[in-house]
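Chains as they are written, first to last, in the numbering used here: chain A, 1 to 113; chain B, 1001 to 1847; chain C, 2001 to 2327.
There could be a bad hint or two in this list.
Computed cross-link-like contacts, BS3-like style, restricted to lysine-lysine with a CA-CA straight-line distance of at most 30 Å [to be verified]: (1) C:K2327 with C:K2206; (2) B:K1040 with B:K1027; (3) A:K27 with C:K2067; (4) B:K1364 with B:K1020; (5) A:K27 with C:K2206; (6) C:K2327 with A:K85; (7) B:K1364 with B:K1027; (8) B:K1364 with C:K2067.
Rather than coming from a laboratory, the hints here were simulated on the basis of the structure.
Values in this document were obtained by computation on a predicted structure and should not be read as measured data.
Now for the letters of each chain:
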Amino acid sequence: MGVLTACKPPAQTRQHDDAAAQKRGLKLMETKGCGACHEIPGLNWPRGQLGPSLMRFNDTGLIAGYLPNTPVNLAAFIRNAPATKPGSTMPAMPVTVSEAVDMAAYLQGGGRD
Amino acid sequence: MTSETGFDHKLYGLFPQPRKQPDEGLKELERVWETPRGWKIITAVNNNYIGFWYVVTSFLFFLLAGILALGMRVQLAAPMQDFMSPDTFNQFFTMHGTIMMFLFAVPAVEAIGVMLLPQMLSARDLPFPRLSAYAFWAYLIGGLSFFASLFIGAAPDGGWFMYPPLTSTAFSPGIAVDFWLLGIGFIEISAIAGAIEIIVGVLRTRAPNMTLDRMPMFAWAMLVFGVMIIIAFPAVILCTLLLEAERMFNWPLFDPTRGGDPLLWQHLFWFFGHPEVYIIFLPAAGLMSMMVATIARTELVGYRLNVLALVATGFISFGVWAHHMFTVGMPRVSTGYFSAASMAVSLPAGIQVFCWIATLASGKIRWSTPALFVVGSIVIFVMGGLTGVMLGMVPFDWQAHDTYFVVAHLHYVLIGGMVLPMFAAFYYWTPMVSRTPLSERIGRWVFWLMFSGLHITFLPMHLSGLMGMPRRVYTYLPGRGLDLLNLVSTIGAFIFALGVLVFLYDCARNFRFTAKGPDAGNIFGGGTLEWLPAGLYSTRSIPVVHSREPLWDNPELSREVEEGRHMLPDTATGTRETLITSPVKAEPQYIQLMPGPSIWPLVAAIFTASFFMSLTVQAYPFAAFSAVVTLAAILRWLWDTDAPLAVEQAEVGGGIVLPVTVTGASSHSWWALNILMIVIGMIGALAVFAFFFLYGSSPEVWIAAPALGQTAMIAGMYLGVLALLWAGRRVLRARAGRVAGDLPWVLVMAGALLATWALYCDITGWLDAGLDPTATSMGAIVFMFMALQGQVVIVSLIMVVYLAFREARGLVTTPHNVTMDIVARFTGFVAVQGLVFTIVPRLFPGA
Amino acid sequence: MTEGLAGALWGWPPPVLDPAGPYADSVTVLAWALFAMGVVVTGIVVAALWVALRGPERWRRVLGGEKAVWIGGVAFPGVVLTVLLIWGLTLTASLTKPITGDEMRIRVTGEMWWFRVEYLDAAGNVVMRDANEVRIPVGVPVVFELRSADVLHSFWIPHLSGKLDMVPGRTNLLRAEATRTGQFGGVCAEYCGGPHALMGFVAIAKEPEEWQRWFDARVAADSVQPLAAVSTTNPQLAQGRELFMENGCAACHRVAGTQANGLAGPDLTFMGDRATVGAGILPNHRGTLTGWIGDSQGIKPGNRMPSYDRLSAQQLDAIAAWLGQLK
């Protein structure tokens, strides 16, 4: 994980416009079952209540109240939350780096599918 | 031509009579058939009213079930939606199926029969108008209260075929399933009452000389329909009784841990359920045949082939039930047989379709809304039939069974085979009951919306099924390729619904009900008798029929009939009456007096409904009260139907004098009672089937029967019952010309009491042998025999008491009396059934 | 196991038309033939209707007699149906050839609303337990012994064979064989109340050697050895295991080698190795497992497992962590 955070990210704005990435992101959230714990925009089911709701995530300032809500941080958090924020109860997810980036793009894109 | 009853066919030459009847006669006829005014209209029993209310009510249920379908389509428009909860969805699809099958389709065709048949046959009314009124009210009240279970969240959710053990108390502890069982039980009563009415009506109230070979095709279809109901509905009645016995008394008929078998339900249910599909389809096909002839302006090609097809469908449909069960793990030989039979049943359908196409080819079509619906139905029905052939192929069925492929198939068949023909019939026959016809312009919109909506909804479902979407799912998972197909289906469903909505608009704008004319008339140029000028009494005189399309062959017929120049002009006895003719050649036999308006059928229906509903909610005292009131109301309505006659015979025109009401083999009530006994006998026969089926599935729970001597004694008692009844009838005959006296009814009552005692001995015998109805399936089914026998014994006891009352009032006539005849023969039936129920389980060497 | 689960199970092409074994192959051929028949016959009827309504006089005369009815309504369907019937019956016979007894046996029991899976040895003894997942070797004939514990269910893997009902009080035998490796989706196809819509499973076909290795390891692990004890050095796993035992999970679930011996719910001995959570509805990883334990009623409303929402996220995660490493 350290590898990813150490990489110097390309300059990015908070708002993604990459529609294709966002679309892939939503699809991934669906197939990976993220809804089991989170309420996610554009997903009917499941609408888990255990984790925080991810509706309007683009308005959220800090990831898990801890990290600045940037694409890189978010992608890293998705892949391995406990490593990114010690003590997080969100387990590491079986997703690749590019998948995590797409999912982050979707959440930060305002969740409009 | 040889005569069936001794009636001289040369006499038909007397009609039309040369002179028209004086106008006073018509006034008298109108007065006799006058309907009560104001709120008292609800006491009307005339088919012009009852038939119309019946059609409207069945259409109401079509709308209600359709709304449920739209709710389901919204839920399924996208994956994993929560528009409604799984429980609600399960209730919705159960109610949708149940209502469409039991509360819409069967009653709708029956209703169209009640409305059209007397007109087509030129009868004044159906033979038992109060029975139709009862059937209608029972259906309306029972149906609405059944539907209301949705609003209290207690609607059944086991699917329209209610397979146990899901519907047994272990998995459905609430009262929802009881609602279904009792609600359906109740509707069965009304269906059977209607079927008896229709069979007797078609066979005995046709216009003179309308031989079977000249009957309108719809009458043929309704005849087959009625017979099929008589044979098929007992199976579902037995189903409901068995499951209710398991639920209420813990009799393990379907519980495999105690020797029951869930497949018993499936066999019995589909023995009803598959013929049910044809029960719905055949009358609609009959309507199609009649409309095709009119819109092509030529006689139906292949009339006799078509009749053959109707009858063949009726027969074969009783041999295909297990094609709903190819996946339960049946032996290969059985699946082969049922597969072959399922293929065979599509042949008669093919004949009918090609008869229609040939008729269209031999005539020249005049396009109209009914014509559009007729042609559209043919296409859709053929498509549904073809997917049916696919499903009849066992290996393919193993894949497609219980998926959306089947959902698509059955909707194509039922909508193409019944719903669209019904809409065609609405447009076609509206001018008969409305002052203005429905709009041709709007009608085309209705057709195209429904036709396209149907394809958009159901065509994609074939694919959803093959993609693995099972039936009866409240949702489906995302990412399985089903999203788009389901969205399209939902859009289609709303297009279809829009078509129905436009139809309602058309009705609101143009439909103006009239029971006594003037109506819009024969705007499509039909050739059958329902297009004769008519009032509440149907036609002023009953035409002698010489062909299948009398109006085409004799353009003067309408005028002749209206001038009273045919048979039974105006009223012969000064009361409501109709002409009873012989079953094959329709030779005039006698004049039947018909009962007029009465509140009692309505009272009986209300309390029958409250009887069943209080049973459901386990309010037993009120149920008992309702049963008593129902009984009293039925007996009260019967009381004045068999009064001693003021006139023994009357002239029906041309100097022909006919007797007024007779008993014996030629009376219409003899026919009705026989049909009723067939229904009860079928229930008994199917119970015997259940006995052997359960033995085959769990022989290990069978115990030895009580001693042979006891069996012989009980059998002897039942034979004694028959002897007593025979004696009672002898005595009545011997007293011809004198008062009946007490001896006849005393003998019949002794018979009924002896039958009761025999049943008591049978029950105690089995109990002493150690049989316990709650312990094993053998106990359950043997005690089910007793329960069935107990029901008929109670009825026969009530009947003899009624007979005794009539004798006390001096109403028992000699040497024949309808009431005496009916009571004696029913009690005889009780004895025969008792004999079978005694002998079968006691002599079967199962243990 | 988790990669692209949903997509691999269903979707295009329709599984019925995408057979992966001899018991589905021939039915696919039949299905295509039936579709062709359907299209052709519909075409013929529509053409006949067109002739009847719009066609030239001469054609209409031919079509407008009883002879046309005999040909179109009796002879033509008679021939088509007879051919189909013979085909259908022959195929039925070949698909229901008697079972020799050498086939691999897997007993699957339908329960409300999941599938109990038991692998049997030649003598019919249960040698390994699983749930909502069957793994079979490619090229080996398999017989599924289908039973029901409660109501009617139906066992259907469209890629591999037709469906067969699970009837209480009876045992039905379904033949299947996979000719290629892969994951194939299965569902319950008979309405069984409540969340029937969410009652699925996965069939996984593996190369025989790979399958054998996997199977032998499983059979060994499924016996009484204290397999789960190995991991208790890790404090989180130890906590998860303890929570599992203390919170009543063990009353319904069995984990071989521990005191968890409940039989009402799915066997969790190999939970970490399973493809799905919740009977074929979610991919199996620690996240979905956590979500399922905490909110199973939200994910699959009406199922028999209560939502453990009184446990904290951290506790749920610990249980999921422990279950996830049971392989």
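Comparing the hints with the structure gives:
Restraint check for K2327 of chain C and K2206 of chain C: satisfied, since their Cα atoms lie roughly 17 Å apart, inside the 30 Å limit. Distance hint between K1040 of chain B and K1027 of chain B is fulfilled; the C-alpha atoms sit about 22 Å from each other, no more than 30 Å. With a C-alpha separation of about 60 Å, the suggested pair K27 of chain A and K2067 of chain C falls outside the 30 Å cut-off, and the hint is violated. In summary, the hint linking K1364 of chain B to K1020 of chain B is not supported, as the alpha carbons are separated by about 37 Å, beyond the 30 Å threshold.
For the hint linking K27 of chain A to K2206 of chain C, the alpha-carbon distance of about 28 Å falls within 30 Å, and the restraint holds. Between the alpha carbons of K2327 of chain C and K85 of chain A the distance comes to roughly 28 Å, so the proposed pair stays at or under 30 Å and holds. About 42 Å separates the Cα atoms of K1364 of chain B and K1027 of chain B, which puts this hinted pair outside 30 Å; it is violated. Distance check on the hinted pair: K1364 of chain B and K2067 of chain C sit about 19 Å apart at the alpha-carbon level, within 30 Å; holds.
Taken one by one, the earlier hints fail for this structure at numbers 3, 4, 7, listed in ascending order.
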